[in-house]
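Student: Protein sequences, first through last, are from chains S and E. The numbering used here puts the first residue of the first sequence at 1, with every later residue one more than the last. The numbering used here puts the first residue of the second sequence at 1, with every later residue one more than the last.
No lab work stands behind these hints, which were simulated from the structure alone. Remember, predicted model here, so these are calculated numbers, not experimental data. Idealized CB from N, CA, C, for every residue including glycine. Some clues are possibly wrong.
As the list claims (entries may be wrong) - Okay, the calculated beta carbon distance ranges per label pair:
1) E:K13 <-> S:D123: 39 to 49 angstroms
2) S:I182 <-> E:A30: 49 to 59 angstroms
3) S:T215 <-> E:D56: 19 to 29 angstroms
4) E:S46 <-> S:F154: 50 to 60 angstroms
5) E:G38 <-> S:S125: 27 to 37 angstroms
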Amino acid sequence: MKLLQLQRLTGFAKVAIYLAWGVGLLVLIYGIGAFIYTMVKADDLSDVLTTEIFELPALAREQAAGPWQSESGAVRYRLYKIYGEFSHLNMPRGMVFVAYLRVLGLWALFVIGTVQMARILRDVSQGKAFALENARRLRIVGYAMAGGAIFKFFMYAWVLIAFRSDFVVVGAAIPWMMFIQIALSPGLLLGGIIVLVISEVFRLGNQLREEQELTV
Amino acid sequence: MPIVVNLDVELAKRKMKLTDLAERVGITIANLSILKQGKARAIRFSTLEAICRELDCQPGDILKFEPGPKADSTGVV
Chain S
1 MKLLQLQRLT GFAKVAIYLA WGVGLLVLIY GIGAFIYTMV KADDLSDVLT TEIFELPALA
61 REQAAGPWQS ESGAVRYRLY KIYGEFSHLN MPRGMVFVAY LRVLGLWALF VIGTVQMARI
121 LRDVSQGKAF ALENARRLRI VGYAMAGGAI FKFFMYAWVL IAFRSDFVVV GAAIPWMMFI
181 QIALSPGLLL GGIIVLVISE VFRLGNQLRE EQELTV
Chain E
1 MPIVVNLDVE LAKRKMKLTD LAERVGITIA NLSILKQGKA RAIRFSTLEA ICRELDCQPG
61 DILKFEPGPK ADSTGVV
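With these hints in hand, go ahead and build the complete structure from the sequences.
Tutor: This is the structure we're talking about:
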């Protein structure tokens, strides 16, 4: 099959990388604007409706007895099993800040990674695949991926610890499985490690290229 | 580097230019220049053979060993 033949995919990959970079940059710019708008407009004292993802059986019993106020004293939550609107404008500013910090941080790492990949592809198309600079760029991509997975995990942990009173009822079990499923990104972490290994291969490739170039 | 290349001495003896030798040996002048300046990491036997044939000399006339600073770990045999 022609698809299985080792054809150069530089052109296709270049289009994909530049498209990803463009989308990432647009999302990042939009996210920064939304963050600024949210921090200015967020209202700590409004009632809020959340989706069922935060509903807990113990919390449902709690809310049936009346409005429930979090320990922070800043927000009241009413949790219903509805498919209503989850409005970040009704959340505590601290939680909104952490949530946006996580999202913007991850998108910034994505943009950094795609920029490095675009520069690598540019060198590949010029026949300089194993330049030492590309090993360094791949290392940046690997750190961005693996670091992004670790960063995401600690940001979720921060929210769970710092704001647990806002969505965890005292005495109720903490939704560890839900937390782990949301917070962990094993694919991203493993992918980052794989890219770091490939960067070492590129570094060795650069050494072999130099040896070959200086062999007369 | 402990291996010293005396290519320019042999060229001067024969009043031959580097460009002429490069053309006769069949390698680029850039590569021959790398060899002349002592920056080469390795030399192929085929290249050494061609140089000695064109200059009518022995490998020892072109390459000399002068112990000096320790060679780096990437020395090629």
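Student: Take the hints in turn and mark each one as holding or not.
Tutor: Outcome of the hint check:
1. Restraint check, E:K13 to S:D123: a C-beta distance of roughly 44 angstroms satisfies the suggested window 39 to 49 angstroms.
2. Taking 49 to 59 angstroms as the suggested C-beta distance range, the pair S:I182 and E:A30 conforms, at roughly 58 angstroms.
3. In this structure the hint that S:T215 and E:D56 lie 19 to 29 angstroms apart at CB holds, the actual value being about 24 angstroms.
4. At roughly 59 angstroms, the beta carbons of E:S46 and S:F154 sit within the given window of 50 to 60 angstroms.
5. Take E:G38 and S:S125: their Cβ atoms lie about 34 angstroms apart, and the range 27 to 37 angstroms holds.
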